Each structure stands twice: as structure tokens, then as C-alpha cells.
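Asker: The lines below spell out each chain.
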Amino acid sequence: MTTQTESTPKATPVSPLKRFLPPIIAAALVAALGVGLLRGNGGQVGGPLVGKAAPAFALQTLDGGTISLASLKGRPVVLNFWASWCLPCRDEAPILRDLSEKQTATGLAVVGVVFSDKNLKAVRAFTQEYALAYPSLLDPNLNTSIAYGVSGVPETFFIDKEGMVRGYDQGGLTPERLQAGLGKIGVVN
Amino acid sequence: MQGPWRGVLALLLALSFVLASAQALSPAQEAQAQAIGRTIRCPVCQGLPITESPSELSQSMLRDLREQVVAGRSTDQITGYFAARYGDTVLLDPPRRGVNLLLWLGPVVAAVLGVWWLALYLRRTRSAAIIVPDAETEEEQDDYMARVKAEVAHGRPS
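First to last, the sequence lines map onto chains A and B. So the first sequence is numbered by my numbering: it starts at 813 and just counts up by one. So the second sequence is numbered by my numbering: it starts at -5 and just counts up by one.
These are computed hints drawn from the structure, not numbers from a lab. All values reported here derive from a predicted model rather than from experimental measurement. Don't be surprised by glycine CBs; every beta carbon is placed ideally from N, CA and C. Honestly, I wouldn't trust all of these hints.
Pairwise CB distance ranges, derived in the manner of DEER restraints [said to hold, decoys possible]:
1) Phe832(A) <-> Thr83(B): 42 to 48 Å
2) Gly876(A) <-> Thr69(B): 38 to 44 Å
3) Glu24(B) <-> Leu849(A): 25 to 31 Å
4) Gln71(B) <-> Asn1001(A): 20 to 26 Å
5) Gln71(B) <-> Val842(A): 26 to 32 Å
6) Gln991(A) <-> Ser68(B): 40 to 46 Å
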């Protein structure tokens, strides 16, 4: 009887490959899952439009005027999509207001675009509450929002003097993230 | 042509252009728009195509898509337009390139590896089954087994 039990381990020697392959595969799968999950989290700084020409637009302002991207040619532009119902937009509005106070006629231009917000009364109340001096454009058919691939506000595009998108931020600007974006379009804040 | 008539003609042309762009799509164009729309993911929904989402953004994207179909743009051009703006994640049928290749090749590689492992396993168990009554084991049988074998060989009941 003892001879039989002794012969068993001799019949099935475990090779190192067989021993370590399952844990290696499991670790690789967990690592891939981790990378996939972490990659989509938090604010994004790279967007599909970065490095491409900024889509043209010509939209009405809240005051009834018209602003087009072509009219801003030669100036670096911070294009911010927002809505009155958007909570993170309330956090970044003061940051953008402070930035807009430094803009000049030939230098940086800060422009807002109202995204999916039919309540004009609330939009005006928002601009008054945060004393936004920069123009906010209306995009009733969402044509410009779609052209920029906007799906949820706030989203901000940093466009350089040549009209190329150089930076993108989603999820709410912080002073640091704004600084990073401005650096990409050659603006020293 | 006289001045006023030129104005009227220009007005008629402009009017016909506006009507043409606003008019409904032909059944074939609508079918093409719906087919493309079914492959575009609604960016503000969970895995819904823009044709099935009531959200304002999806409806606007579908309107944009219809206009592109009327303008004669091809399916690739239209899906490329949305992918360039929203990224490849907007496509419900991801293109077979880059990291996406893992999506398509992963299951095939897994199936091939699985079949290979199964074949290996079956071959090993079959050869093991043949080896079981090997000489070494038989030698180690006790007297009782030897008697049983002898009785079986002589056809005698126990």
C-alpha cells in the first residue's frame, strides 16, 4: 500500500511553466482591468480634437450679437462649454471670470458656449451671479457642441492663435489645470 | 436679364435650396441614416444608439447625420466625422485596429488556446489510462490480486 502512495508524485512532476503560468495570466488580467478602470476616471486632458483645427462656428451671444471663431483669428481662445444646471460649472466660473479680466483686445479671448440649456432666464442669472464679463454664445441646435464632440459640461478647449486645438479639459477647471491648458496655447497667466 | 428679375431668380434659388435642405429624406436615405445611426452610441446614455435615445444631444446628432446623408457623404465619412469628435468610443461597432484589435482577436486566441489545452489534456489522460496497468504496478499487487487474476483466467467463479 505504501509503495502506491510513493509512486504518485513521481508520475506527475509539476513543471515551473505549469506552476507559474496561471498566476501570471491572472495577474495580467487584473492589471489590464486596473488600467482600463483607472484610465476613464477623473478629468481628461487629452481629447480627440487636440492637434486638429478647431471647428468653425458663428453663434449669437446672449446680448444678441454674433461671434465667430474666424473673428477671433490671431488670438488664443479659451472656449468653455457650460450650462446653468451644471454644478462643476459653478466651481470653475470664478476661475474663468478672473482669467477674462486679464484679456485684451488682441490677446487672449475667453468665450463661453451654453450647452443644452433652454432656460435662458437661468443662463442670464448664472452670468449675473458670477459676474461673467466674457461673452456666452447660444447653441440652440447643438451644432457647435457636436462639432466639438461635447457630451457633458463643463468642457474647455484651448485654441492657439492659428486656430488649432492644443488643449482640452473635461470635468471642471482648477487653477492648475487652467494653467496647464494656457501653457499649451502660449499664454502666461 | 433685368435687375429685378435677377433678384427674384436669386430669391427662388435660395428658397428652393432652403426647401431642399429641410425636406424629408427619401426612404433609401432615411434607411441609410437609420443604419448609420444604429452604429453611433449616444454619448450621454448607457450603450444606446442615437436612434433609440430621446436625449436632446442624440436627436441633434441624428439630425446632423441626416443632413450629411442628404449632402451625399458616405457611411465611412459620417462615422469618421463623429469618431473624430467623440473618439472611437462613440462607435458601437469599434474599428478593427489598434487596441481594439484585442477585442476582436482576444476571443479567437482564447478559443485556439482552449482547444489546444483540451487536446493536450485529452491525449494525456488517454495515454495515462493505457499506462495504468503497467508492469511496475502489477508487480506490486499482493497475493490476493494474483489469486483473483488466476481465477478469472481459469473462468472459475469465486
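Asker: So, for every hint listed, does it hold in this structure?
Answerer: Status of each hint after checking the structure:
| no. | hint | in the structure |
| --- | --- | --- |
| 1 | Phe832(A) <-> Thr83(B): 42 to 48 Å | violated, 35 Å |
| 2 | Gly876(A) <-> Thr69(B): 38 to 44 Å | holds, 40 Å |
| 3 | Glu24(B) <-> Leu849(A): 25 to 31 Å | violated, 40 Å |
| 4 | Gln71(B) <-> Asn1001(A): 20 to 26 Å | violated, 39 Å |
| 5 | Gln71(B) <-> Val842(A): 26 to 32 Å | violated, 40 Å |
| 6 | Gln991(A) <-> Ser68(B): 40 to 46 Å | holds, 42 Å |
Consistency with the previously given hints fails for numbers 1, 3, 4 and 5, ordered from lowest to highest.
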